[in-house]
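Engineer: Sequence:
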Amino acid sequence: MLCYLKLYKNTKQSIFIGLLAVFALNLSCKKEDNITMDELSKNVSIVEKLDINRIEPLNWWVGFKNSKLQLLVHHPNISGKTVQVSYQGISIEKVHKADSPNYLFIDLNISESAKPGKFNIIFKEENKEDLVHTYELKSRIKSSEEYIGFNSSDAIYLITPDRFANGNPKNDIVDRLHEKIINRNDDYARHGGDIQGITNHLDYIEDLGFTAVWPSPVLTNDMPQGSYHGYAITDYYKIDPRFGTLEDYKELSAKLAKKGMKLIMDQVANHCGLEHWWMKDLPFKNWINHQQYYEANMSNWDGDASIITNHRRTTNQDRYASKVDKENMSVGWFVSAMPDLNQRNAFMATYTIQNSIWWIETANLGGIRQDTYPYPDKDFMSRWAGEIMNEYPNFSIVGEEWSYNPLLVGYWQDGANNRDGYKSNLKSPMDFPMQNFLVEALNEDEEWDKGLVKIYQGLANDFYYASPKDLMVFPDNHDMSRIFTQLKGDVANTKMALSYLLALPRIPQIYYGTEILMNDFDKPGDHGLIRSDFPGGWEGDQVNAFTGEGLSEQQKDMQIFLRKLLNYRKNSKAIHDGETLHFAPENGVYVLFRILDYETVIHIINKNNNPIELDLNRFEEVGLKGKSVKNIITDYQFFWGDNITLNEKGSVILTTKLY
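Just so you know, we're using the numbering used here here: the sequence shown kicks off at 849 and counts up by one.
FYI, nobody ran anything at the bench for these hints, they're computed from the structure. As the structure is a prediction and not an experimental result, all values here were calculated from the model. Virtual Cβ for every residue (Gly too), placed ideally from N, Cα, C. Among the hints, a few may not be true.
Straight-line alpha carbon distances no greater than 30 angstroms define the calculated BS3-like cross-link-like pairs of lysine-lysine that follow [said to hold, decoys possible]:
1) Lys990 - Lys963
2) Lys913 - Lys1421
3) Lys916 - Lys1018
4) Lys986 - Lys1028
5) Lys1106 - Lys945
6) Lys1497 - Lys1404
7) Lys1098 - Lys1018
8) Lys1086 - Lys986
9) Lys1475 - Lys1418
10) Lys929 - Lys1133
11) Lys1371 - Lys1421
12) Lys1317 - Lys1418
13) Lys1371 - Lys1478
14) Lys966 - Lys916
15) Lys1473 - Lys1497
16) Lys1086 - Lys990
17) Lys913 - Lys1018
Have a look at the derived ranges for each label pair, beta carbon to beta carbon [said to hold, decoys possible]:
18) Glu1427 - Gln1402: 33 to 41 angstroms
19) Ser1184 - Phe1311: 38 to 46 angstroms
20) Phe912 - Asp1129: 54 to 62 angstroms
21) Gln1402 - Glu1447: 27 to 35 angstroms
22) Gly1396 - Tyr1252: 35 to 43 angstroms
23) Gly1396 - Ala1102: 50 to 58 angstroms
I would like the entire structure built from these sequences, with the hints used as guidance.
Structural biologist: Here is the structure:
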């Protein structure tokens, strides 16, 4: 009986255990039916660690068209380790060693099944403790198609952040950086302007009528001196702490977006600053151009020792150009303090493209301005712009080609019919030719081949451009004399220059301070003076251009003129998208029309100091006779008849849109 009871008891236990196992299996199957492996991996908690000195990009996102991501890993002797990742939807395709033992480049594939979340990258080596670095995939805030770039409906305000406004004096000096001096009396020292200073004055910028802001680079420039301008970048993933923080930059973007405005980021693919962190430990022997020469001469590196570009940008198009000239143009350093990056190195190319995409997503950008566009490897620039525009089809990129030859500028625009078959993928070159024609037209006396005919013929060059309305036009910028200086202090000429550019089929950019006639008369062309402090941007300034306090009547008048013109332009479909019609200059008068549906904008440039009668019958084909027109600046209305008298030198801007 006892044996039977024992047997019964054991059998009962076995049956119970068996039933329990079946129940658990069924429960597991049901859970697997309802919970995806993505959710399981997401719910697995990880211990977050940051053992690695540097991994870039700092994070990434799910949902890109391109599933590839290449991580730059920098850490002492990291090349001796193997790499492991365990996260649903993420796989390692390849791990590349560099010439330096302190780098690895990891190729990841991010499948469509990958979900946002954090995962650990584990670096293993026999007989050594694992190194662990937690990496994050984020959700995107909006789709690629929702990133809308700038276009001909925009007007862009260019700012040198160090010289615009000091919103946070506490970040003026950062002890860990090389340059620790603020001196507003030195044109080439730091003055303390920052991102917060721009954010604080967005109402002023919006009130003027601008729809986009382009600050010159705000990334870290940890150089010993003279890097206030931002173009000697020493870390492509960090905001310079003297300008603020990443959160400050994102706040600027968010507040612009709230106003329906856009943030354009100034980027530099051609070169970095000599103090960039990787210059102490270059990953490959060809990471920068002339690298072996640089490493052999580091101890006495200066302007005499360095190999500088010949600046012969025509070699990009010249079918007769010698190999040596082509090479020197592309691989020579821009200046001795700015190493020339070698985009023919595949890892450098990928790094640069990913960096641009990282900033678009991180800061919700409305465009990129790319510095010194013709200087890097031009095949790389085609790939760079192409990959960005492929991911963001409604985005915008403007590239700097400082040439006064429309053939050279037009070569770089997407859609150009280039005989060599080059496809740039660049939407918006900068219209340096028109800027030059404009200054000549207004400074020269009127003759058959001088004066206003220069801009008339300059606009006629639009037949060559693939898309004239996507060119960025400007009266001046941060690298040239102020337009008021270029036009010899002539206010009427300055108004004519501004109004003409704002009426063209173009994207206009205006440099901060143009609205108050800032100038560089004391040292024409001096960069430090061109980038003078905006009055009122610093506590204690006796003149405040933001409020108008202390401005001269001439300065106030220019502010009002530009404000009225820009705010009209903001809502003018005829200027944004209309047909352009102009008439050859006669007797010092040049007339241009922008026409769309029921709106016609008439722009008249008059260089005569004495009154002159303008025969309106010459413009009969426009069809304005008998219609009411209004002066955009003065609001004066009249009927378009047989003639009008132009009483003084200057521009007249009229519209048929009366309300």
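Engineer: None of the hints should be skipped; say for each whether it holds.
Structural biologist: Results for each hint:
1. The straight-line distance between the Cα atoms of Lys990 and Lys963 is roughly 15 angstroms, inside the 30 angstroms bound, and the hint therefore holds.
2. Between Lys913 and Lys1421 the CA atoms are separated by roughly 34 angstroms; this puts the pair beyond 30 angstroms, and the hint is violated.
3. In summary, the hint linking Lys916 to Lys1018 is not supported, as the alpha carbons are separated by about 41 angstroms, beyond the 30 angstroms threshold.
4. Between Lys986 and Lys1028, the direct Cα distance comes to roughly 36 angstroms. Violation of the 30 angstroms bound is thereby established for this hinted pair.
5. About 45 angstroms separates the Cα atoms of Lys1106 and Lys945, which puts this hinted pair outside 30 angstroms; it is violated.
6. Our distance criterion of 30 angstroms between C-alpha atoms is met by Lys1497 and Lys1404, whose separation comes to about 19 angstroms.
7. Taking the CA atoms of Lys1098 and Lys1018, the gap is about 19 angstroms. The hint holds against a cut of 30 angstroms.
8. Under the criterion of a C-alpha separation no larger than 30 angstroms, the hint pairing Lys1086 with Lys986 is consistent with the structure, at around 19 angstroms.
9. Taking the CA atoms of Lys1475 and Lys1418, the gap is about 23 angstroms. The hint holds against a cut of 30 angstroms.
10. Among the hinted pairs, Lys929 with Lys1133 is consistent with the structure: their alpha-carbon atoms are about 21 angstroms apart, no more than 30 angstroms.
11. Pair hint Lys1371 plus Lys1421 does not hold up; C-alpha atoms about 41 angstroms apart against a cutoff of 30 angstroms.
12. The suggested pairing of Lys1317 with Lys1418 holds, with an alpha-carbon distance near 15 angstroms, which does not exceed 30 angstroms.
13. The straight-line distance between the Cα atoms of Lys1371 and Lys1478 is roughly 41 angstroms, outside the 30 angstroms bound, and the hint therefore fails.
14. Straight-line distance between C-alpha atoms of Lys966 and Lys916 comes to about 18 angstroms, which keeps the hinted pair within the 30 angstroms bound.
15. With a C-alpha separation of about 24 angstroms, the suggested pairing of Lys1473 with Lys1497 holds against the 30 angstroms cut-off.
16. For the suggested pair Lys1086 and Lys990, the alpha carbons sit about 23 angstroms apart, so the restraint of at most 30 angstroms is met.
17. At most 30 angstroms may separate the alpha-carbon atoms for a hinted pair to count; Lys913 and Lys1018 exceed this at roughly 42 angstroms.
18. Remark: the range hint 33 to 41 angstroms for Glu1427 to Gln1402 is upheld by a beta-carbon distance near 36 angstroms.
19. The hint said 38 to 46 angstroms for the Cβ distance between Ser1184 and Phe1311, and at roughly 42 angstroms that hint holds.
20. A beta carbon spacing of about 30 angstroms between Phe912 and Asp1129 contradicts the range 54 to 62 angstroms that was offered as a hint.
21. A C-beta distance of roughly 32 angstroms is found between Gln1402 and Glu1447, which places it inside the suggested range of 27 to 35 angstroms.
22. Gly1396 and Tyr1252 have their C-beta atoms about 37 angstroms apart, which keeps the hinted 35 to 43 angstroms range intact.
23. Between Gly1396 and Ala1102 the beta carbon distance is about 28 angstroms. The supplied range of 50 to 58 angstroms is therefore violated.
Consistency with the previously given hints fails for numbers 2, 3, 4, 5, 11, 13, 17, 20 and 23, ordered from lowest to highest.
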